[in-house]
Amino acid sequence: MNFGFTEEQEMLRAAARRFLDAECPPSFVRRMMDDPTGHAPALWKRLVQLGWTALLVPEADGGLGGSFVDLLVVLEETGRTLLPGPFLATVTSATALVEGDAPTLRAELLPRVARGEVLLALAIAEESGRFEPELPARAADGGYVLRGTKHFVMDAHVADQLVVAARTGDGVTVLLVDAHARGVAITPVRGVDMTRRIQRIHFDGVTVPRARILGGAPLLQRTLEVATAAIVAEMVGTAQQALDRTVAYVKERVQFGRPVGSFQAVKHQCVDMLAQIENARSLAYYAAWAVAERAPEARQAVAMAKAYASDMVKDVTSRAIQLHGGIGFTWEHDIHLFHRRALAQEAAFGSAPAHRAVVAEALPA
Amino acid sequence: MDFRPSPEEETFRKEVSDWLDAHVPADFDPERFEFGMTADERLDWQLAWHRTLHAGGWVGLHWPREYGGRGASLMEQVIFREELARRRLPPGANMLGILLVGPTLMHWGTDAQKRRYLPKILSAEEIWCQGYSEPGAGSDLASLQTRAVEDGDVFVVNGQKVWTSGAARADWCILLARTEPNAPRHQGISYLLVDMRTPGITVRPLVQMTGNAGFNEVFFEDVRVPRANLVGEKSRGWDVAITTLMFERAGLGTDLRFEGVLESLVAAARHVGRLGDPVVRQQIAQFRMEAAAVRYGGWRQLTRRLRGQQPGPEGSLAKLVGSELNLRIAQWAVGLLGAHAQIATNEAGEPPGHWLARELMARAHTIAGGTSEIQRNIIAERVLGLPRS
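Protein chains in written order, with the working numbering: chain A, 1188 to 1552; chain B, -1 to 387.
For the record, the hints were derived by calculation from the structure and aren't laboratory data.
Predicted model only: the values in this text are computed from it and were never measured.
Be careful, since some hints might not be right.
[As the list claims (entries may be wrong)] Listed next, the stretches of chain B that the computed footprint assigns to chain A, with coverage defined by at least 3 CB atoms under 8 Å from CB atoms of chain A: (1) 269 to 279; (2) 313 to 321; (3) 374 to 386.
No residue lacks a Cβ here, since even glycine has one placed at the ideal position from N, Cα and C.
Same shape as in the complex, but just chain B (with noise of 0.2 Å):
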């Protein structure tokens, strides 16, 4: 057990710090990022950020540099997050490519498919969006209805899909599609990469509680895939459908920033004059206590991930404990906050302003990746062993 960085990591720090410092945009400001910004506003701020990153060789930094990344070590890759973190910096775009899309394929997928796919993920020049979630397959995920029917070297897609963040601006979709309806329903799903330009394709924003459009419904009529595009063996996408959903959930709940959020949060306290309360310090340290928490879990799973185990269920864990620990702060702020809480924007940048945005969107992050009901199942079953419900 060693917390102190060794001199290699102390330089790679450095030189992540130097960096970011040089090339930061002038005009960034966190907090109209976070709050001021629509989402097509800020997918353009994040493409221009992207750019820039990909030029500066720091994208895709966990991945192999076969497929044009760092290569860089699990350790480098936290102290890069960090050091994002520490500047409230997002990474770039299209983070679902290369988080999860591109790990997946680079697992599952044919060398064709990889050299085809995997450089313009990682320069962002072709954003991904997630197909799972349809109207009556939520966290009953594996009772999705969407067709997909051979056709010669083609599938023909019929069905529709839904809560498909980014969607409108996406130009590939990962697609669970139903190729075997009579199987059992776990082993005739396919997984499919579906180009969003296809004819049949149609995105309807929806508008979600907080007031912006960040996901959409998509519809599918007679949309042909190329054969080629199936990823893994016909009827056997499920197996690689869990692999990109381990991938995302051992990135959601560490991805909460809650540095950031704790010194909002003195802000708030300040600004309404309860930061000397000592019940508003006790809770404070609490929720100071409880993100520590998270970070070291973090650490511990990775330990784990540095001698040599994949991401399992205990991603799960950070997931539940990271979205519902962002909830409870969300909430106890807007509490705090007193009749300040119910102004919906403050154009001053003013702490305030945020905790009400911060409140509704804490919902999407238990809701998102798989509600905490189902992780908690999840959790249950593969990590304490209990049986099914």
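Next up, chain A with everything else stripped away, as it sits in the complex (with noise of 0.2 Å):
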């Protein structure tokens, strides 16, 4: 038993931070939250450069073959930092692929994924925000027809590809779908957090041969899990820089000629965010462990860690910006940024009452 890291991935943890620190400081996520795509082709090219995008392909498929514990490392860095962008959409679609059953289809993309040359999005939720599939899909020709809108797609405005979740007659499908095929119209909704956008997919008799589909309700599942396991992950990395930012400031801001840090009420609340937030890492961890292994409490897992890191997350920031007094409240300070993340990952892949529900159906009867 180990809860450490090992050397490559603390060596992998430094060099996102120093990149990231460099890179993606917060002139350069507000520059992003008034773009019009939230995407810098310029930065992309730098993280595809440092092997982020192969992290979880396979070498087969011209991928770096890592863990997907490599890849919480570097989610921590970019939670951290708030990096905008379709990062996380296009690692966690990848798995439907590296994991799907469509070897053509990923002889073809999986290294073009890991060059970064295709970006990937995931539209797996209903209106109701649930994961099962409603989206129906018409079988035709061997493949399917698809009619219907999926909902809180991240980062589809800049998808070439997307994964999609269906209903077919007697079951689930999931397909890849060519973000420009014809009837394919993905409207920008606006989301709480700027630095990072979400759609509203609408598939208006769209065809999607048989070649592409990649598989069924476990891949979907499978799917979902990693994409869970992943936003957590960056949530740990969110909330952690929130509070060194808090703390950072309670040192230096001086009232009734001491710094406010000094008292009890202050130092006290945040030493119960850090606990929050060691207690979500440690679950995140766990579930990143399970997930990389595909032990059988993965599902469990994920689902402990997503219920607690969501209401963590969410009363951390919050509290950061209560600990900064009224310049936590303006606009132009940035740490209202890490509230309005917060609020996008608390509700992403499944709030805290869905994920607990499944801890929930685990307990006895």
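Each chain sits in its own coordinate frame; assemble them with the hints.
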């Protein structure tokens, strides 16, 4: 048993931190908020060079063949710096290609995903926010025709390919849909987190040939688990950075002739934030390992981690604003960006009650 | 990162498991042990169990072989604790001696002290208590006023200690006393080993709010302690005391056994017909998650120690989080039980009766070993680097 990272993973973390501190400071994040796409191709090229888009792609497909724990290390750092753009969407969606059953598509696309040439998005949520597919897929010529809408999709507006979950007559299918195919309409939705965009995708009789069928319900479940564990890793980083900034601020801010961080009403809140972050981190690491190893407890571990982290990140980033006082409530100060990201993270891939329900299901009847 | 047990760990777990199954006393009833015994009865039971464990070589797993321990790896200690917890079995007796005093003496004691005390700590032939807190020195431990005045080759001790768990049955005490009243307060304290049978010591049991006599007041009146019983240097005892506190906090949070508590919670919900209620299930699920976080947090701490780091202030975080979770579970459970919750004891051993005892007892953990507020100060200052209040 071992809860530690390897030396390579520690190096990966240090490199990611150096890179993001230099390339993704708050000024860049704010520029991306005002950017029409929120995606900076120049930065994308750099993170591709670092190998991030290749991390989870097997070596045989032109990737690095890393484990999910390697990705967790990177995501804690991207969460810390509120990295804008389609990184999370692309790396998590790639799971459906890596683990799906579409050899031709895989051979054609995965090396390009690893090289950062193909961006992906995950269209699996319904309007209800749930992940049991309702979007109907009507069988036609060995493939399907899609007619309906998917919701809460991250960064589909810059994606080349969409991983779409749909309902067939008697089950679930996961399809890869060309984002530019006839009948696909991607509509931006104004989200709380302006550093990362969400869209609604309407499919108006979109034909999906047989070769683009990736798998069924187990693939959907696995992809959702990977995406959920991934955003949890990001959430830990986001919350940690909100705390670090808060601690730095309350050490400097002087009132009544002393740093406000010397008041117990302030310092005890900081400790309660830390305690929540550390709990979330423990659950996130365990979930990451379970996902990486395809351990039987992965579903429970991921549900526990997301349920806890959802409450945690909302509370920690909200308290961070409180402890900044008036300046924290201004548009100009960066701390609210963390809370906005937190609110989006909380809602993505299942909220706390939804995941707690999964944990509750496993309790004795 | 890897949570699969190695083949060696599997083998060790089987060895532990087989031994425990063969040696668990036939009369062992966890509910009775936890809730149906007086402090004296519980200690007698633990002493008998201790002798069995000691004969089997299972006491002081983490102690080096040269001190009579098993020299077990940290991982083996964890496995042993898990197997005890799975059966809701207590460890043996004298845990204060084995977990705190022994390791402190190994670190700071002279060879003569190690030879004299360690074997009998391990065998529980000598039971230890901890003379730290005083009526005027609780959270602010360094303000303690018990005096030790050097007189030839003895220290003469006068003063009073309080909240001293187990003092009524203890043979020895680790005592903090002030040897230099005019020195800065952290620099005038000495760490002494005191024979509880020395003339001048009076132990007066204090009844806890649970109704049990678990701790005591201890009065010292011209108690003569040989200089040979000084640990570390004279007036440098604060450093020694901190070592003990670190060991204490490293153990406190993770010792709480949430698996058994959660099982009892499910049983209680079932008993009042609420286990099917989604609101109840969501809350139990929440507690299960938090208990898992505490467990994995313990593993992360363990990983740091396996990499050669001593227990540090992160033990305070485990203690804070574990004791507060334990309290919230107990408080929620008495609400769940409704009218049943006010029944103090339940002779039939049905689940509702024990939750009242648990709820009352839960407060002990958020106070003992440094209150939650003190832990927050320690973490704020030593982990987050915030300025002193």
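Status of each hint after checking the structure:
no.	hint	in the structure
1	269 to 279	holds (count 4)
2	313 to 321	holds (count 3)
3	374 to 386	holds (count 11)
Hint compliance for this structure: every hint is met.
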